[in-house]
Amino acid sequence: MSKQDQFDFSNALPIINEDTEFFPLMSQQDEDEMNNEETPEILPILPLRNTVLFPGVVIPITVGRDKSIKLIKDAYKGNKTIGVVSQRDVSIEDPTFEQLNSVGTVAHVIKMLQMPDGNTTVIIQGKQRFRLIEEVQSEPYIKVTITKFTEAKHKVDKEFKALVASIKEMSSQIIQLSPNIPSEAGIALKNIESTSFLINFISSNMNADVADKQKMLEMTNLRERATMVMELLTLELQMLELKNQIQSKV
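Residue 1 is where the sequence shown starts when you use our numbering, and the numbers rise one by one after that.
For the record, the hints were derived by calculation from the structure and aren't laboratory data.
Take the hints with a grain of salt, since some may be wrong.
As the list claims (entries may be wrong) - Okay, derived cross-link-like pairs now, PhoX-like style, lysine-lysine, Cα gap no bigger than 20 Å in a straight line:
| # | residue 1 | residue 2 |
| --- | --- | --- |
| 1 | K143 | K73 |
| 2 | K148 | K127 |
| 3 | K153 | K127 |
| 4 | K215 | K148 |
| 5 | K111 | K80 |
| 6 | K127 | K215 |
| 7 | K143 | K127 |
| 8 | K111 | K73 |
Said to hold, decoys possible - Each pair of labels, with its calculated beta carbon distance range:
| # | residue 1 | residue 2 | range |
| --- | --- | --- | --- |
| 9 | L177 | E134 | 44 to 50 Å |
| 10 | P40 | T227 | 31 to 37 Å |
| 11 | I246 | I133 | 48 to 54 Å |
| 12 | D117 | K153 | 45 to 51 Å |
| 13 | L240 | E41 | 40 to 46 Å |
| 14 | D212 | Q247 | 23 to 29 Å |
| 15 | N79 | T234 | 21 to 27 Å |
| 16 | K153 | R131 | 41 to 47 Å |
| 17 | Q28 | T234 | 26 to 32 Å |
| 18 | L113 | K190 | 24 to 30 Å |
| 19 | G78 | N244 | 47 to 53 Å |
| 20 | K153 | L242 | 37 to 43 Å |
| 21 | K168 | P140 | 42 to 48 Å |
| 22 | D30 | S166 | 20 to 26 Å |
This one's a predicted model, so the numbers in the text were calculated from it and none came from an experiment.
Ideal placement from N, C-alpha and C gives every residue a C-beta, glycine not left out.
Modelling step: build the complete structure from the supplied sequences, incorporating the hints.
Structure below.
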């Protein structure tokens, strides 16, 4: 099929808010419980072309590939647990195991929606990161054995707290300067308790290349991940400010 599996954040919050069974933000307790969940040893894999799923984050995915549609339908009838992995080359229509990145995210299928245009949209929530080990099935969709991807411990000192505060402030500025980002995103940002979920939430929704997002997903140290987020946000804010300055002179 010519359609691809893609993420459209501009529609994320409106879709999510129509469902009363869940809310896309996590408390620290929610995150602790999520991290302690059992991780399946074998997962069906949903390849993504243009986004990266982070733990705790809820996103809608438009599913276009025949394999992906069957995978989602099977998962939705079963335990609703899948693996989500971005592909190395976005131009490939049907990626093989070798063409996937080595680190992905366990996801829970929350809801499957048939859209008016005939597309299938699935709402998923990231749970835990994992590393792909070996392919055990290629048809009708890929299944792999996995191992849990553990987070390295980091020191929560004044410097780290200042870094997180700066990330939050800069993200708020970007939201205010970006007319295409829904105002709900700013409200959501203010209500995030968990530092790691904050970093994941911003990493997922920021205007960054898939390669950069994948690099952040693979980082085992939260401080290093936060530093990279800060660097990318700084560039994004500079571009937005420059764009607004140019438009104001026209």
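Hint check results:
no.	hint	result
1	K143 x K73	holds (15 Å)
2	K148 x K127	holds (11 Å)
3	K153 x K127	holds (19 Å)
4	K215 x K148	holds (17 Å)
5	K111 x K80	holds (9 Å)
6	K127 x K215	holds (18 Å)
7	K143 x K127	holds (18 Å)
8	K111 x K73	holds (11 Å)
9	L177 x E134: 44 to 50 Å	holds (46 Å)
10	P40 x T227: 31 to 37 Å	holds (32 Å)
11	I246 x I133: 48 to 54 Å	holds (49 Å)
12	D117 x K153: 45 to 51 Å	holds (47 Å)
13	L240 x E41: 40 to 46 Å	holds (44 Å)
14	D212 x Q247: 23 to 29 Å	holds (26 Å)
15	N79 x T234: 21 to 27 Å	violated (41 Å)
16	K153 x R131: 41 to 47 Å	violated (19 Å)
17	Q28 x T234: 26 to 32 Å	holds (27 Å)
18	L113 x K190: 24 to 30 Å	holds (28 Å)
19	G78 x N244: 47 to 53 Å	holds (48 Å)
20	K153 x L242: 37 to 43 Å	holds (39 Å)
21	K168 x P140: 42 to 48 Å	holds (43 Å)
22	D30 x S166: 20 to 26 Å	holds (25 Å)
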